[in-house]
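From first to last, the protein sequence lines stand for chains P and W. Position one of the first sequence corresponds to residue 77 (this note's numbering), numbered consecutively onward. Position one of the second sequence corresponds to residue -17 (this note's numbering), numbered consecutively onward.
Everything labelled a hint here was simulated from the structure, so no lab data went into it. Positions of the beta carbon are idealized from the N, C-alpha and C atoms, including for glycine. Errors might be hidden in some of the hints.
[As the list claims (entries may be wrong)] Derived list of chain W stretches under chain P, where covered just means 3 residues or more per stretch with a C-beta under 8 Å from a C-beta of chain P: (1) 129 to 137; (2) 153 to 160.
[Claimed, not checked] FRET-style restraints, in silico, Cβ to Cβ: (3) P/Arg213 to W/Pro491: 28 to 36 Å; (4) W/Ser204 to P/Arg190: 22 to 30 Å; (5) W/Thr654 to P/Thr86: 16 to 24 Å; (6) P/Gly206 to W/Ala107: 53 to 61 Å; (7) W/Thr431 to P/Arg190: 31 to 39 Å; (8) W/Ser204 to P/Ala155: 55 to 63 Å; (9) W/Asn312 to P/Asp181: 53 to 61 Å; (10) P/His210 to W/Ser712: 35 to 43 Å.
[To be verified] Some chain W residues flagged as far from chain P (calculated, every beta-carbon gap over 10 Å): (11) Thr195; (12) Leu295; (13) Ala298; (14) Val317; (15) Ser319; (16) Glu379; (17) Pro491.
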Amino acid sequence: MAEMGEELFTNVLVPVASEDDARASIRAALPYLAAAGGTATLVHVIEKAGGAPDKASVEQREEYAAEIFDAAWEEADDALVELHREIIYGTDVAESIIDAGDELDASAIVFTPRGSSRWVKLLTGDVALGLVEHSDRPVIVLPDEA
Amino acid sequence: MTDQELARDLGFLEAYTIGLGTMIGAGIFVLPSIAAEQAGPASMVSFFLGGIISLLAALSLSELATGMPKAGGSYYYVNRALGPFFGSIVGLGMWAGLTFASAFYMIGFGQYLLPGLGDYIGLLAGWGDLGITVAALVMAAFLTGVNYYGVKETGALQNVIVLTLVGLIVAFLGLGFLSDPTIGEFNPQGWPSVAATIGTVYVTFIGFEVIATSAEEIKNPSRNLPLAMIAAVVTPTLMYVGVMYVSTGTLTPSALQDSQVPVADVAREAFGPFASAVPFVSVTPGALGSFGALLMIVGAVLATVSSANASILSAARVNFAMGRDRILTNWLNEVHSQFRTPYRAITGTGIITLLLIAVGVGIDTLAEVASFMYLVTYALVHVGVVVLRRADPDAYEPSFRIPSVLYPITPIVGGAACLVVLFQMSIRWEPLPLAYEGLFDLGVSLPVTPTLVGLIGTLIVVVGIVWYFVYAKERAPSQSLVGEAIAPSEAAASDGADRYRVVAPLSNPATERDLLRWAAASAHAHEDENAEIIAVNVIEVPQQTSLAQDVQFEEERVAQQQELLDTARDIAADLEVGLRTRAIVARSASDAILDVLDEENADQVVLGWTGSRSTREHILGSNIDPIVEHAPCETTLLKLASGRRDEPAGDSWDATASGDGTPEEIVVLAGTGPHAPVAAQRAAEYVQASPPGSTAVSLLNVQSAGEEGDDPEAEGTAIIEDILAGSALSADECVTDVVVTEDDVRDAILEAIEPYDTVCVGATRTGAVSQALFGSIPEAIGEQFDGRVVMARGAEEAPRSVRDAIVERLAD
């Protein structure tokens, strides 16, 4: 069973939405990654409206993504774990993450739950639910230790 | 498909509808009564001329937007071309223009919702102007909320709205023309009024700017961007002219001027006669007219809301671009961690919009101020395109250029037209006696009377100027290109691109020699390109002190800077390499160095490194990360040997051998990463610049033993051969070594490099945006190897896609 668990962490995709989220995910995933000697690819999705004006310019959100990744790198600090970063663009965040998982042939999609109220999820889309419902590879939700 | 292409998700049609969505806004539904009041039926000429002015602006904007596809649109171009003085004026002007326009749209919304729908829904009738204001306030607050919370909007919804609007207006025009409108006196107020009315209606034309601000997202921009812009200007212009024709021909002048819902009232009047033509059911003319009016009201409500929404978002982008240039505080541009929206900028814009609605300056004044600010903007955009063409900076390579038969005519005519309209709308041709109610009477009068909009508009420009001197001047780093445009410098033209330049930021006398020696090695390898080193030292001063002040008080630091740079010149003389020095005082060392890389068109930057990324040690007075991530050229990080070994003592090449006279042992890590050949190249240059026999080079590849049946030895040899082919190293002058290990590759590498003096390693693969050098292996070497570490990466490449990353991974 332990071996099974390690296999899941050989090449994980970690979707990150904010700095706090990235820190929490890295904090939670590091022990597993270290044990499995695995690599993690951090992915931030820049959501596109696909024809309507976006809420913020792509450049602004690319800068924001760089801040998120930096936060994750800082959190990982001296842990010798291989981390990669990738920005992807898509109109549907969950779908984009799932596609990235396919392309990377990720062993699992790993994240920590980010609490937000039900109506906020209704208005802005519930990514976690979309991942769980539509992913065809393992989705691992780790508790946020902090 | 690369990620960059995925970010470009707008084709011609999408770009066109985005432009149309903001163009067919409140303007066409609200302005007919105001325009008719000012210039009668001749106001259709005002709309037409407004369209021509926009078309000229669209040409200049297309060139600028394809040359600099950056967020911020006109503000960004003007700031780059004309510097932060005009950048401050245009940035503030655009932002103010967009808030005034939002308030205008919202009041238009209120007029159609309450008095308009009041005819159908009793509850909405009879609320008067107060009701309109309240409805406008509620809707503006709602839109601000929608954008604050990042409520999902889709392209599909946008298209439905735009198609509905176009359909409604086409129906309006069709039936309106068939109802045989009759125009009375065409030009009752005279041509100056027609010219001034351009200023009033110009607010309907500011929407196409949205296309320029989306330049980074448009596919095949050289074709789609100018086409979408021109189409998004021509379509509404024809519609506006038609709507004015039908409106002034259907209603009496007084009925039209008094209407708050002109298009609905015109529809009510014009559609009635077609009642007999309605098939299958019998309707009275009154009912059909009433139905037509209702449709127009629905259209107006949609249009005003979508225009205001786009304006609020555009305003936030202008804020972002200004914050990036440090003309405005970046505090405004914080992205909300949950909603991922620039919530502060959106809230700020929303609040000012609410204030403008509440103050009640009048819907026509709101429209005119918005027009005023955009006319100022476009006048400067036309100047900007001329300046950029003449200055011709390296980075400016627009994929669309104004056709040569039209240049420089269109920017000159376009700019002049903006100024003429600005002048016309700012004054009335009536003398203004300088007297006030018996309080004073100077006995003279001004020949003309300034208008309210002229005063407000001028005030906003003045605020922009004051803002520049009080806030932006010290902070904003960018320079104007006007000087370049007036007298293009010879140097920039003759040696800008072909000279090989190595920039070496220096800060520490102890690392200075070694840094310069590696920089000189690269320079020597490019001797035929007039190679030179630019030694830079930056004195960083804190935010709260002014730059000039700090220099005075810190003479000691300045003296140190001079000494450092003097030493650099001596070292360069010994190394027989050309060297220029630049002493800089700046807020941020990393930003200043990035500016230098840009200005010098650098080919390589050589930076000192402490060996670890996590320690926030200030090598250059600030963290090197920003430079490493954003440098557009080849980047070399140099970590000096830490203690164990003797440093080579002298400055000339003869002294490069290690202290005890044995050759300096250099090892290149031959990996599969994209930057490994660059690392090998650095080693090759260093060896070639050193006297024969003073250095020895090895290429090392470490393979994990892998599965049975694999041949790691052969794989490693193949990789090494690739590296040799990609660099100036030749197989006979270096030793190659493939190590196969059962253990961790990283540990095996650390063990294998132990005997060497210097290790050259390529940066590991990088992410799409951030060009961060660091992966686990180079970082581990930096931290644990105590010899000299040279880490290299190539010039910034096109961002790699997920697919490329996989291919690379499979190749490992």
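- Message: Verify the CB-CB distance for W/Ser204 and P/Arg190 against the hinted window 22 to 30 Å.
- Response: Violated - the Cβ-Cβ distance for W/Ser204 and P/Arg190, about 41 Å, lies outside 22 to 30 Å.
- Whether W/Ser319 stays farther than 10 Å from all C-beta atoms of chain P, as the label says: For W/Ser319, whose nearest Cβ neighbour in chain P is about 4 Å away, the distance does not exceed 10 Å, so it is violated.
- Over 10 Å to the closest beta carbon of chain P is the bar; see if W/Glu379 clears it. 19 Å, holds
- Hint says 35 to 43 Å; check whether the CB-CB distance for P/His210 and W/Ser712 agrees. Distance hint for P/His210, W/Ser712 is violated at roughly 54 Å.
- In this structure, is the beta-carbon distance linking W/Thr654 and P/Thr86 contained in 16 to 24 Å? With Cβ atoms ~19 Å apart, the hint holds.
- Confirm or reject the claim that P/Gly206 and W/Ala107 have a C-beta distance inside 53 to 61 Å. 46 Å, violated
- Message: A range of 31 to 39 Å was offered for this pair. Does it hold for the Cβ distance of W/Thr431 and P/Arg190?
- Response: 60 Å, violated
- Query: Are all C-beta atoms of chain P more than 10 Å from that of W/Val317?
  - Reply: W/Val317 not clear of chain P: closest Cβ-Cβ about 4 Å, inside 10 Å.
- Query: Holds or violated: is the Cβ of W/Pro491 farther than 10 Å from all Cβ atoms of chain P?
  - Reply: For W/Pro491, whose nearest Cβ neighbour in chain P is about 30 Å away, the distance exceeds 10 Å, so it holds.
- Item | Non-interface claim for W/Leu295, where every Cβ of chain P lies beyond 10 Å | Since the minimum Cβ distance to chain P is about 5 Å, W/Leu295 lies within 10 Å and the statement is violated.
- Status of the given 28 to 36 Å range, CB of W/Pro491 versus CB of P/Arg213: 55 Å, violated
- Are there three or more residues in the region 153 to 160 of chain W whose C-beta lies closer than 8 Å to some C-beta of chain P? violated (count 0)
Hint compliance for this structure: hints 2, 3, 4, 6, 7, 8, 9, 10, 11, 12, 13, 14, 15 are broken, all remaining hints hold.
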